[in-house]
Amino acid sequence: MNRLHLALLLLIGCIAALPWFGGPYALRLGTTACLYATLALSWNVVGGFAGYPSFATAAFFGFGAYATGVLLTLGLPLSLSILLSLLAALLLAGLLGAVLLRLRGHYFAIASLSLVEVLRELVNNATDLTGGGMGLNIPLAAGSGILADAVFFFYAMWAVLLATALMVIGVSMSKLGFGLACIRQNETAAGMIGLNATLYKSLAFGLSACFVSAAGGLYAAWVHYIDPSDVFDILYSVKPIVMALMGGIGSPLGVACGALVYLGLEEVVWRHYIQIHSGVLGLLIVVLLLCLPHGLLSLRLGALWRRARHV
Amino acid sequence: MSEILRLDRLSRHFRGLQALREVSLGIRQGEVVGLIGPNGAGKTTLVNTVCGVTPANSGSVNYRGRDITAVKPYQAARLGLARTFQIVQPFGEFTALDNVAAAALFAQQGSSLKSAREQAFAHLAFVGLEAHAGQSAATLTLAMRKRLELAKTLAMKPKLLFLDEVNAGLNSAEVERATKLIHQMAANGMTIVMIEHLMKVVLNVCTRIIVLHNGQLIADGRPGDVMKNPAVVEAYLGQQYARRHAAHV
Amino acid sequence: MLTAQLLINALVLGCLYACIAIGFSLVWGVLNVINLIHGSFIVLGAYLAFGLYQWLAIPPWYAWVVAAPLFFIVGYGLQRLLLNRVITAPVLVTLTLTFGLDLILNNAMIYAFKADYRKLTLRPPLGSLSLFGVVVPVDRLIATGLALALTGVLYWLLRRSRVGRAIVAVRLDRDAAVLMGVNVKSIYATAFGLGAALAGCAGVLMALIFPISALTSSSYLGKAFVVCVLGGLGSVSGALAGGLLLALVEGIGSATIGPSHATTLSFALLIVFLIVRPQGLLGRKGFE
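Residue numbers (the working numbering), protein chains in the order written: chain A, 3 to 313; chain B, 49 to 297; chain C, 3 to 290.
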């Protein structure tokens, strides 16, 4: 556990204090912040630690949303539904990872992107189970009153974020994290020194998917209605990447900060430029990539960034 | 001395190019074997096939009584087969210490990162890089990287070590230093197969020479005998060298 | 199941798919950039054709004369000014960059033209042709013919012209091309411009057949992806092979398990090919 890990936990701790400072709007924002940070931190495991540019985040987000949604409509309690979605995603991603992570570079990126499309279409067509294109209505899960509801979901999402952060810190300090760093730098050499790259990559992919799935499930319970094009939206794959790029790929603290900064920008843009907000997002991406290839963290923290990378 | 590696009619082709033609040989424990031959003879392909980097098309590889013809590279590494690369492949962002620690960590079962790093330091000292332990591998010179590669293979505690042209790109002082290290490893009982173009080094260190030409084994025996073998002279050494060498022997 | 109608439909659709994909394939094969703006370029080309017909009564089969140079200039400029800066960056950066650019273009189109679907209806309508029990709408036939002509032009360009040979050289071995005196920067920009021009022309053809809306750009992109992976990158024959295979699989799939599964099927096929034969039917290994 080093300084940057502690800083990350401190940041998350600060976020927990949010309900004391704001009303429903702040709570909504806070829940979204926790969601975004979870997605970004999870992506970082496969994209930053292992170096595989995954566009599959939306696939598992949607998977979690629908898995939880369906389980809730069948009458299971919320916590169980989310736990089951998490485990299912872990297993699914682990298996898919063993296959897809044999691909490198562009091919892997496309395969992971196609996963989103395939899952969306499968859900779309399984009308009996998921309601297909008409969407799924999810029964109310939490307590009474809008504010109580909002507070509950905020803390639930915060708990998922905390779990994700702990997972990420755990991985980066473990043999798995060390191995992923080897894979990222030189996968051939990693194999030659006895590292089972396929196993490690599958684990990374699984871990990057399970909390995303939990977050997706919580999201579904929070908004009470989901449809395929809403949760299997490519933007849920691209936004975490932009957040990671903003904060500095590899560093969990950087990535989490990137998520928060991104959310801030998104809120400002949404409020003022709703009609062209995706265009402004695009502009942000372009400017970011051309001017700040190493992320915002590289601006201020200079030397600290060099150590922050891939920690 | 027991046999540690046996190749039986090993063949490998790449889309029409026959890289290995029914190569059969055995390596005994403790030997230091020189693997020589002209470029494209199949030397690196042989090492790649034994270590699982490229699959064999036919024939078998038997290592310490086990058929390892179809193993993956990481499995071969864990069984005790280590190799260096002609074009060194370090983990650029890692320090020299972590490069070696990685090898110690993954090639051996049940070690922790902490103990791996301790072992790594000892190996770095063996190759003379202990002063650079904290330096990032990308900043090391070529000669240092080659020694780092050697330290990494040692950290894997291999039973059989393949050295693929460790001396390529090194000056004579560096070559001497590397040769001394190899001598020491051989003295410690390591079985080594070295692919090498510098005959001086081969004759200095090796107890046995194997010659490959066009994927075929054309000679296998004591250095003195192999050097006089007309096929070897024809394919690789050249008449001039053979005459000079014969004069010195 | 393999009726003549199904085969002819697949043939026609396959050529259209090839036309959609050819520009995308060229850019990917030569610059190693996955151009996510491609779909939006196609839609923009369709809007252009629509506009030209609506207000200047220029039919789509002449609209490409306007589209091609216009899109070439835009593409050339885009690559030279923006994309070239990240040409050596990892996959992640170039993909996300083109994604961002696509967001801008797509949003701009929705803002300017609204998301409603428009249809370019020819007056008088062209009807269908019926031969030996096989029915083909004439507009599709024309579009197919033009699509083949377009791919033929590209093929000729790559085979015979100086610029074309330079593009192929860069695709095969960039460093060697530099040593041969090829101005790689300018070739990259030219290839990208060419890709954009082909996309624009493909859009013009699509306007003849399909409804036009910015919302369709991602489905065009999706098709281009699949065709490239199936057929192999950077070659005209690859695009044709991939297009025909995709159209055939979709046709058979539609007839057997229903049309709603067509997209799933095509993406599932994509994944299978990526795993089993990433270089596609006719491609060469080594384009990551």
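If you're looking for bench data, these hints aren't it; they were derived computationally from the structure. Be a bit skeptical, because a hint or two may be false.
As the list claims (entries may be wrong) - Dumping the calculated DSS-like pairs for lysine-lysine here, alpha-carbon to alpha-carbon at most 30 angstroms: (1) B:Lys120 / B:Lys207; (2) B:Lys248 / B:Lys207; (3) A:Lys177 / B:Lys207; (4) B:Lys228 / B:Lys248; (5) B:Lys205 / B:Lys162; (6) B:Lys228 / A:Lys177; (7) B:Lys248 / B:Lys205; (8) B:Lys205 / B:Lys276; (9) B:Lys120 / B:Lys162; (10) B:Lys207 / B:Lys228; (11) A:Lys177 / B:Lys205; (12) B:Lys248 / A:Lys177.
If you're wondering where the values come from, they're calculated on a predicted model, not measured in any experiment.
How the hints compare with the structure:
no., hint, in the structure
1, B:Lys120 / B:Lys207, "holds (17 angstroms)"
2, B:Lys248 / B:Lys207, "holds (25 angstroms)"
3, A:Lys177 / B:Lys207, "holds (24 angstroms)"
4, B:Lys228 / B:Lys248, "holds (13 angstroms)"
5, B:Lys205 / B:Lys162, "holds (17 angstroms)"
6, B:Lys228 / A:Lys177, "violated (34 angstroms)"
7, B:Lys248 / B:Lys205, "holds (28 angstroms)"
8, B:Lys205 / B:Lys276, "violated (36 angstroms)"
9, B:Lys120 / B:Lys162, "holds (27 angstroms)"
10, B:Lys207 / B:Lys228, "holds (20 angstroms)"
11, A:Lys177 / B:Lys205, "holds (19 angstroms)"
12, B:Lys248 / A:Lys177, "violated (42 angstroms)"
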